[in-house]
Structure formats: C-alpha cells, structure tokens
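Undergrad: As a plain string of letters, each chain reads:
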Amino acid sequence: MARMRSLYGLLLEMVSRAAILKPADIASTRLEGFLNLQCCWRKDTISIEDCPFIEPGEESLLVSYDRRIVEKCLTCPRFASDLNEMDSAGVPSATLLKVLSTELLDLRVRLESMDGFLNSKTREIRFLHELSTVLQTSMDLDEVLSVAMTAITAGKGFGMNRAFLLMCDKDQQYLRGYLGVGPRTIEEAWHIWQEVEQTDLTLKEMAHYFQKNKLFSEKVKFQDILERLTVALDDHDHILTRSLYEKRPILVVEAFNNPLVSREFAEILGVDSFLIMPLISGNRKIGVMIADNFITQRAITHQDIQSIETFAFPVAFALVRASLYEQLHEEVEKLTLANRKLQEQQELIVKMEKMALVGRITSSIAHSIRNPLMVIGGFARSLLKSADVDDPKKEYLSSIIQEVRQLEDVLVEILNYSDSLYPVKDRWDLNQLLEDSCRDLQEKFAAADCGCRFELADDLPTVFIDYKQISYCVRTLLVASLENRSPGGEIVVSSRWWDNVVMLEIDDPHGNLTEDTWETMSPPFSSTQELGVAGVVGLPICRTILEKSGNSLTVERPQGGGMQYIIKLNLQKED
Amino acid sequence: MSRLLVVDDEASIRMLYAQELGEEGHEVVTAGTAIEAVEKLQGGAFDLILLDIKLKNESGLDLLQSIVKDRHDLPVILCSAFSCYKDDFSAWLADGYVVKSSDLQELKDEIRKVLAKKQNR
Numbered sequence: 001m002a003r004m005r006s007l008y009g010l011l012l013e014m015v016s017r018a019a020i021l022k023p024a025d026i027a028s029t030r031l032e033g034f035l036n037l038q039c040c041w042r043k044d045t046i047s048i049e050d051c052p053f054i055e056p057g058e059e060s061l062l063v064s065y066d067r068r069i070v071e072k073c074l075t076c077p078r079f080a081s082d083l084n085e086m087d088s089a090g091v092p093s094a095t096l097l098k099v100l101s102t103e104l105l106d107l108r109v110r111l112e113s114m115d116g117f118l119n120s121k122t123r124e125i126r127f128l129h130e131l132s133t134v135l136q137t138s139m140d141l142d143e144v145l146s147v148a149m150t151a152i153t154a155g156k157g158f159g160m161n162r163a164f165l166l167m168c169d170k171d172q173q174y175l176r177g178y179l180g181v182g183p184r185t186i187e188e189a190w191h192i193w194q195e196v197e198q199t200d201l202t203l204k205e206m207a208h209y210f211q212k213n214k215l216f217s218e219k220v221k222f223q224d225i226l227e228r229l230t231v232a233l234d235d236h237d238h239i240l241t242r243s244l245y246e247k248r249p250i251l252v253v254e255a256f257n258n259p260l261v262s263r264e265f266a267e268i269l270g271v272d273s274f275l276i277m278p279l280i281s282g283n284r285k286i287g288v289m290i291a292d293n294f295i296t297q298r299a300i301t302h303q304d305i306q307s308i309e310t311f312a313f314p315v316a317f318a319l320v321r322a323s324l325y326e327q328l329h330e331e332v333e334k335l336t337l338a339n340r341k342l343q344e345q346q347e348l349i350v351k352m353e354k355m356a357l358v359g360r361i362t363s364s365i366a367h368s369i370r371n372p373l374m375v376i377g378g379f380a381r382s383l384l385k386s387a388d389v390d391d392p393k394k395e396y397l398s399s400i401i402q403e404v405r406q407l408e409d410v411l412v413e414i415l416n417y418s419d420s421l422y423p424v425k426d427r428w429d430l431n432q433l434l435e436d437s438c439r440d441l442q443e444k445f446a447a448a449d450c451g452c453r454f455e456l457a458d459d460l461p462t463v464f465i466d467y468k469q470i471s472y473c474v475r476t477l478l479v480a481s482l483e484n485r486s487p488g489g490e491i492v493v494s495s496r497w498w499d500n501v502v503m504l505e506i507d508d509p510h511g512n513l514t515e516d517t518w519e520t521m522s523p524p525f526s527s528t529q530e531l532g533v534a535g536v537v538g539l540p541i542c543r544t545i546l547e548k549s550g551n552s553l554t555v556e557r558p559q560g561g562g563m564q565y566i567i568k569l570n571l572q573k574e575d
Numbered sequence: 001m002s003r004l005l006v007v008d009d010e011a012s013i014r015m016l017y018a019q020e021l022g023e024e025g026h027e028v029v030t031a032g033t034a035i036e037a038v039e040k041l042q043g044g045a046f047d048l049i050l051l052d053i054k055l056k057n058e059s060g061l062d063l064l065q066s067i068v069k070d071r072h073d074l075p076v077i078l079c080s081a082f083s084c085y086k087d088d089f090s091a092w093l094a095d096g097y098v099v100k101s102s103d104l105q106e107l108k109d110e111i112r113k114v115l116a117k118k119q120n121r
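Protein sequence lines, in the order shown, are assigned to chains A and B. As numbered in my numbering, residues 1 to 575 make up the first sequence, in order. As numbered in my numbering, residues 1 to 121 make up the second sequence, in order.
Hints are computed from structural coordinates only; laboratory data are not their basis. Take the hints with a grain of salt, since some may be wrong.
Claimed, not checked - With a Cα cut of at most 25 angstroms, we get these calculated DSS-like pairs of lysine-lysine: (1) A:K204 with A:K354; (2) B:K69 with B:K117; (3) A:K385 with B:K108; (4) A:K394 with B:K108.
As the list claims (entries may be wrong) - Below, a sample of chain B positions facing chain A; criterion: calculated Cβ distance under 10 angstroms: (5) M15; (6) Q19; (7) E20; (8) E23; (9) G25; (10) S101; (11) S102.
To be verified - Computed far set for chain A versus chain B, every beta-carbon distance over 10 angstroms: (12) Y174; (13) H208; (14) E227.
C-beta: ideal position from N, C-alpha, C; glycine also.
Pulled out of the complex, with its shape left as it was, chain A reads as follows (with noise of 0.2 angstroms):
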C-alpha cells in the first residue's frame, strides 16, 4: 500500500511535469495554428464557464494549474481529446503523458479499492474489537449468545439474513439446534431492517435489546426448525459434523443438488447456498453456526467466510468460558445447599441430643415413679379385698386405687411422649399396622359390643415411619373411640392415598366423644386439668406426635352423627 502510495505520488509529479505544455510550451512548437484543441487544460487560469466538470465549492481548482490537471483533467474526455490530437500532430510528450495518465488513472482506482478495503477492515476490527470486549468479559450464556446471533445477523456486524446455533451437548453425542435468529418472511425482514433503522442501536445495544426482548421470542420462532436440527456426533457423514472435525468452514451451494448435503437437510433450512461455521475451543467442540442470506439471496462471498471465521474463535471460547461458570454457579449453590443441610443437621443433632437427654430423664423419673405406685396400688387393692363390707376403710382404699390407676395412665403417656422424642423410623406396611392394631384391641372392641371393618387401599405405598408411634396413635385414637361411644355398629377402620399423602381413616357413627375430651385436642400439658381427663390424655399426645414428624390428625364430627378420626401421613423420603 505504501509503496502503491509512493509510486502514485512520482506519477502525479511526472503528469503535472509532462502536462504543463503551457501555452507558451505548445506556441514554441508553433503547432497551435495546426491544432484542434477543445480543453481548457492549456490555460493557468479558467473562469467556471470553462470546465463543466468543476462543482460548487471547488473554485480553488479555478486558479490551482496543477491541482485542475490531476483532479480534473485526467478524467475529462475533452483532455483525452487533445491529447490524442496532439499526440496525432507529432508532439513528443503527448505520447509519454498519455502513457502517464492511463497510469496514474488505473493507480487512482486501485487506490481508492485499497482504500475501501482498509476501511472495511478497520470497521471489521473495530467491530471485532467492540465483540471481543464483551466476549471477554460476560460470563453469561444468554448474553453470550445474543451479541454472536446479533454479530452474525446485524448490518452493523457480518450483515447475514438468518443464524443458527446448535451446540452439542453435554454427553458429547448429539448436536441439537439450540438459537435460531433473523427474519422468516420477507414482510418480517422489512419490519426488522426498519426497525433497526429507526434505532440506530450500537451492536452492544442491539444484543442487549435482543437478549432482553427476543431470545424467548425466536427460540420459539424457529422451534420447528430448531427441533429437526439434531444431529449426532458419530455420524462423520454429515455436512455439520464434517465441519466440526475437520475444524475449518464450509460454504455450500446449490445445497439440494450437492452431494454432500441431504435432500432432508436442505429442506430443513430452505435455502440453497449457506456457510457452516464450526465452534471449537482447544480441542473441545461446542457446536456450529449455519449462516444464510435466505431472504435477500446475496452470495456469501470468501471475506464473509474469512470475517466470520475470524469472529467464531471468540465466540467458541466465550461460549465454554460462560457455560463452565453456568456449571460452576450450579456446584456452588448445590454446595451452598448442602452446607445449609449439613448446618440443619448439625442443630438438628444438637437439638435431639437435648431432647434425647430430656427424654432420658423423663423415662428415668417415670420408671422410678411406676414401682412405688405399684406397690402403693398394690397393696390398696390387696387391702381392699380383705376389708368388710361396711368397713369405713374402704373408701379410702378405693380413693387411693382409682388416684393410683390415673397416675399410671397418666406414666404411660409420659413414657410415650418421650419415647416419641427419638423416633426410629422405617418403611412400612401400614395396612398391617392398622390390622395388627385392631387385633391387639380385640378384647376392648367385643367389651364395647362394637364391630371392626377394614377398608384397605390394594396399592397403599409403605410409609417411612415409627411403627411404634404410629402403631401407640392408631390404638389410642381406637381406644378414644371405644370408650367415647353407644353400643352396637361398627368402626370402619380405612386407608388410602393420593399426592404422595397416606390417610388413615377411623370412622365411627356411634362415636360421641365428651365436650371435655373434645377440648382436650389442643397441645399436650398445657394445663394440668387436661392431664386430670382420664383416658384422653393420648388423644394431645397422638397429635403432637404426628405434628413433630410433619404429619398430622384430625377429629371431627361429620353431619350425619358419629366421630371421625384422620392421619395424614406424608409419603416423605429416608433422609
């Protein structure tokens, strides 16, 4: 370029030197009388009239010699003119300027293609520049994405109609269609240059306007072609595939005639000609673009190619660098969860520690209670056995059994209670836990003069439980009911399950249960008359048990009469 710049230069002097066969010059070949010039070129000074090829705002060439001859005249057919006369007439220097000038001509246009070439190519880097430097700098993947589809599609950018991305997935077997961007009519393509238009965006302003409002928007768009656009890795035969291993661009024509790309493909796409650009970072490949000009059909020339190339390195490695932080926020908020977790657990574990203690304590004090009472209770009813019937005594020792009696009901909830502070939970049947309790109240059910019905779920799921818990709550909901109902009928005892709930059902339309024992459902041990209720003390407890675990139970009364007692146990995960 420079040297083209030099030689340019000694060509416009030679031209000047050579053309200045002033006036005077061409008197002293006393040859003016013989020809037939029509230029102004002879004369130093021209008035405007003179030269039709001088504009408005060029004046200065009306008394500038040299700078008319280089500007004006070398283009001016009148000039070609005389100097073909002259070079007619035998003037030596006609020939050699004429040489020059065809020269300088041929030169000036070369210049000027350089000239475009070099401000193309700086408005290339200074657009590959505005990329790179938010490639560089985003680690996120939509935006990624929106400055490459946008860089491919804009006219700012590489001026393309539509772009494709697909990227292979993480598994490394298939290439799936992943973004489609640009317009699918020719009236959408209207709409969007116009649009583009009138904004007047910077590419950085168009991605970001992109990202924002139309990356749902054309995924969906392009959904049907993005869909059939998977490919995978192992078949080596296909046009994409072929790109991606053999890690160069490949620009296809006439596409539904090539032999290198399927009918299928070709109709997939719709457009006969368009450039497949491979995405790769190091060794590792990301995917493929495929660029087409499917609306406006202009040829993708070997500088779109060579431009693009240039560009998809970037984008690859910008691509990887924005998924792998994707993946690494992924494995930091698992992390972060899992602290989280292992923080719970930690008070949890902290938590049942003093709970267990607790527990310990309690079962501790009950067990030393219990024998005391027995013996207390014990020997009362031995006492009572033997004393007369109208012995005074008697009602004292009564007094004492019935005290006695409440107290050991009252210890066995205790001890439930605090047995229920460190569950030992498993899978199980709770079909058989409900028949097994049944069984084990068999007695209490005849003395009841009350019948047992089981409507049992085929499909019930086992439930991660205390069986004992579980096993203490049905039993004693059952115990409620027996001993809070009319004689006859019977107790329909079910289960069932949806949405990952289990319920287990004791229905009992003779069931009546006190205003008393009623009140009695609200939290254990608040107040020392619940715990003077005699034979509903379990009923709090089942509940507080069954709410510690996440699960729950309710007591109604449904309409037509009767009690009705629920469970719900949630199908929960062993943790």
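Chain A is already provided as a structure; the job is to place chain B on it using the hints.
TA: What follows is chain B alone, placed relative to chain A:
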C-alpha cells in the same frame, strides 16, 4: 399348686407378689439378687420364675440367658417397669412379658397362661 420364684430387687414388690400370688394358691419363693436366685434355683424345683429386668447392678436379661441355658424347661415371665425391653431380642427368650402395674390381673392371667402351656408340653 405351683411353685413360683419371684426375683425383684424391691422388697415391697416381692412382698406384694408373695401376698397376691399366695392368695391365688401359689407357693411363692422370693430372691432380691441374681446370685440369690441362682442359689434358690439350685435348692429346689420351681414351675415358673417371675423375673425383674433391672436388678440394681445386675441385669435380669443376663440371668434369663443362664436360666434358659441350664433349665430350658423352666418358664420365665419378665416383669418390668420398662416397656421398651419388649423389643430387645434377649427379652424374646422369656415366655411372657408384663409391664408392672398396681393391677396384678394381667400378671395373674399371664401366669395362668404360661403354666397351662407348660402342662400341655
């Protein structure tokens, strides 16, 4: 009439059992420790043993194991203030398990059941 050996570290409970079970027509012999129980067992024949699990510093379950080993035909009913030992494998060696209560009816029923079972062997 059956001859029963009651093993419990609480004197009051031994006394209660002796009185109540005596009234039922049984001959009741008592022991307060495992050693004493072994001595009593060596000293005479018994139809049934009522054994407490917590015997101060000794374990009723250890004594149960040695009884089952040496006198496998002698039935044993465990009597305990703890219900949790029902789930203990070593407690399954016993012929019955009764949680202590001021109402001895359950214990009396269990004794009747185990003795009947022994007679039918």
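Undergrad: Which earlier hints can't be squared with this structure?
TA: 1 and 9
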